[in-house]
Amino acid sequence: MSALLSTHGLIAGYGDMRALHGIDLRVDPGETVALIGANGAGKSTLLRAIMGLLPVAPDMIRLDGKPVGGSAPHRMVREGLAIVPEGRRLFTGMSVEENLRVASEHAADPVAEPWTLERVYALFPILKEKARISVENLSGGQQQMVSIGRALLAQPRLLLCDEISLGLAPKVVREIYAALPEISANGTALVLVEQDVGLAQRASQRLYCLLEGRVTLHGQSGEIARDAISAAYFGASHALD
Amino acid sequence: MHWIDGIVQGVLLGGLYAQYALGMALMFGVMKIVNVTHGDLVILLALIGISLANVAGLGPWAVLATLVPIGAAIGWLLQRALLNRVVGDDPLPSLIATFGLSIALQNAMLVIWSADTRSLPGGGIQQASISLGPIFIGVLPLIVLICATLLTGGLDAVMRRTRFGRSLRAASADVEAAAMVGVNPRNVYAAATAIAVGILGFAATFQAMRSTVAPADGPFQLIFAFEAVIIGGLGSIWGAFTGAMILGISQAIGFRISPGFGILAGHLVFLAVLAIRPQGIFKRKS
Numbered sequence: 001m002s003a004l005l006s007t008h009g010l011i012a013g014y015g016d017m018r019a020l021h022g023i024d025l026r027v028d029p030g031e032t033v034a035l036i037g038a039n040g041a042g043k044s045t046l047l048r049a050i051m052g053l054l055p056v057a058p059d060m061i062r063l064d065g066k067p068v069g070g071s072a073p074h075r076m077v078r079e080g081l082a083i084v085p086e087g088r089r090l091f092t093g094m095s096v097e098e099n100l101r102v103a104s105e106h107a108a109d110p111v112a113e114p115w116t117l118e119r120v121y122a123l124f125p126i127l128k129e130k131a132r133i134s135v136e137n138l139s140g141g142q143q144q145m146v147s148i149g150r151a152l153l154a155q156p157r158l159l160l161c162d163e164i165s166l167g168l169a170p171k172v173v174r175e176i177y178a179a180l181p182e183i184s185a186n187g188t189a190l191v192l193v194e195q196d197v198g199l200a201q202r203a204s205q206r207l208y209c210l211l212e213g214r215v216t217l218h219g220q221s222g223e224i225a226r227d228a229i230s231a232a233y234f235g236a237s238h239a240l241d
Numbered sequence: 001m002h003w004i005d006g007i008v009q010g011v012l013l014g015g016l017y018a019q020y021a022l023g024m025a026l027m028f029g030v031m032k033i034v035n036v037t038h039g040d041l042v043i044l045l046a047l048i049g050i051s052l053a054n055v056a057g058l059g060p061w062a063v064l065a066t067l068v069p070i071g072a073a074i075g076w077l078l079q080r081a082l083l084n085r086v087v088g089d090d091p092l093p094s095l096i097a098t099f100g101l102s103i104a105l106q107n108a109m110l111v112i113w114s115a116d117t118r119s120l121p122g123g124g125i126q127q128a129s130i131s132l133g134p135i136f137i138g139v140l141p142l143i144v145l146i147c148a149t150l151l152t153g154g155l156d157a158v159m160r161r162t163r164f165g166r167s168l169r170a171a172s173a174d175v176e177a178a179a180m181v182g183v184n185p186r187n188v189y190a191a192a193t194a195i196a197v198g199i200l201g202f203a204a205t206f207q208a209m210r211s212t213v214a215p216a217d218g219p220f221q222l223i224f225a226f227e228a229v230i231i232g233g234l235g236s237i238w239g240a241f242t243g244a245m246i247l248g249i250s251q252a253i254g255f256r257i258s259p260g261f262g263i264l265a266g267h268l269v270f271l272a273v274l275a276i277r278p279q280g281i282f283k284r285k286s
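Here the protein sequences come in this chain order: A and B.
For reference, each letter of the first sequence is one residue, going 1 to 241 in UniProt numbering.
For reference, each letter of the second sequence is one residue, going 1 to 286 in UniProt numbering.
Same shape as in the complex, but just chain A (with noise of 0.2 Å):
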């Protein structure tokens, strides 16, 4: 099977500090990836490049094979990403309905069941009840799936979730968690980046841990030992104590 993404050799940072240091990351299509690694290990920095709101040479990324790196955000929504963006980057003093409609209203066109807004109450109930409130005025949960509803009515093929139960209650994290399988079930790939490991292992079917930039370790997510990925999360050194 032909990758859906792939990275190749991807560098990126931000300004002269250097954050990727070569990365090579493929996602088939329909596949759900983990991104594991510590604060600062380059993991968000991957997403946000990929997406196309750093800079980086065509090269270093390929969609179906073809270059598209370093093509702005609004072209790689056209081509089928969405992301999820770390800290939900919700459009405030808007409501939730409009919050959707903005993606709806700009989104790719669909490959498989398109996602709708009725479709994206049915997966949280809870936003059709808040449909017509202001989203600050929401709690982070639900601030939360309207930031994963936005990103479904972008209608990915692959959608990037960036630390998507960060500050989230346990119950929370489980209800949002649970809604991933319908959004695969769609045939969209994701990548999944997330601080809770043995959550990320048992979300997807293949994982990368990050360090300082560099692929540590990759393999299939239910496959790996826990000491290997404390020694590629921690480094070398660590794994020893």
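Source of the hints: derived by calculation from the structure; they are not laboratory data.
Ideal Cβ placement from N, Cα and C applies to all residues, glycine included.
Treat each hint with caution, since some may be false.
What the hints assert, rightly or not - One side only, chain B facing chain A, incomplete, derived with CB under 7 Å:
| # | residue |
| --- | --- |
| 1 | Gly59 |
| 2 | Arg161 |
| 3 | Arg163 |
| 4 | Val181 |
To be verified - A few chain A residues facing chain B, derived, Cβ under 10 Å:
| # | residue |
| --- | --- |
| 5 | Gly70 |
| 6 | Pro73 |
| 7 | Ser139 |
| 8 | Gly140 |
| 9 | Gln143 |
Starting from the known structure of chain A, fit chain B onto it as the hints suggest.
Quick look at chain B alone, frame taken from chain A:
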């Protein structure tokens, strides 16, 4: 009666200021750009309108109908060619760019039109008035007020109810997040500036009909737009309208007190608002 008349005249004057202020509020609200060329664009459009009236023999309404699309085209070009390069989190680059453009524009207008003051012949409408008991309401100011109200209501409806309006508000709230859901910020910005300068087509026509214009008048118009926007609350559409009314009424009442005090009265009210309620009367939701 003296004071009621003052307030009525102030509201009518506020209608003109609202037409200046709307576009400025829109540009600030969406892009955080304080467009220093705003007043010069009013003058530029007015001078183009006067030349059209002289050369092509257009009447005032035909001038209005021509200036609005010309304004929109100028706005679109301005954003595409210049402002999209300087827009960003830092407000200074756009401030410097529009300040420089303002000076260049004033000098260019001086070369083309000379320093003469001109006005747009209105076919007698400037003198027409309706009397309501002891109060005389000029037909032209009344038309200006009605246009300003419709433009404000229309712009507000576009912002609330249309796809374009939603993308504008999304870009205004978080431009990067808007791009992440497929909005092209450069297009949205160009459209916003096109609307802002298009509205100045109205302001330019009415300004040239009720008074005179000369190439160096722009900064004066800019101050009124700026004050109205600040009084109303930066970036709010109806706030700009309300701010324009407050400014118009303050000036009209000031004129009643003493003819030399009118403009100053407006500035004093502006300063009072800055001191007491610096976020403006309509605080923008954040």
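Structure-based check of all given hints:
no.: 1; hint: Gly59; in the structure: violated, 40 Å
no.: 2; hint: Arg161; in the structure: violated, 10 Å
no.: 3; hint: Arg163; in the structure: holds, 5 Å
no.: 4; hint: Val181; in the structure: holds, 4 Å
no.: 5; hint: Gly70; in the structure: violated, 14 Å
no.: 6; hint: Pro73; in the structure: holds, 4 Å
no.: 7; hint: Ser139; in the structure: violated, 19 Å
no.: 8; hint: Gly140; in the structure: violated, 17 Å
no.: 9; hint: Gln143; in the structure: violated, 12 Å
Comparing the model with each numbered hint stated earlier shows that hints 1, 2, 5, 7, 8, 9 do not hold.
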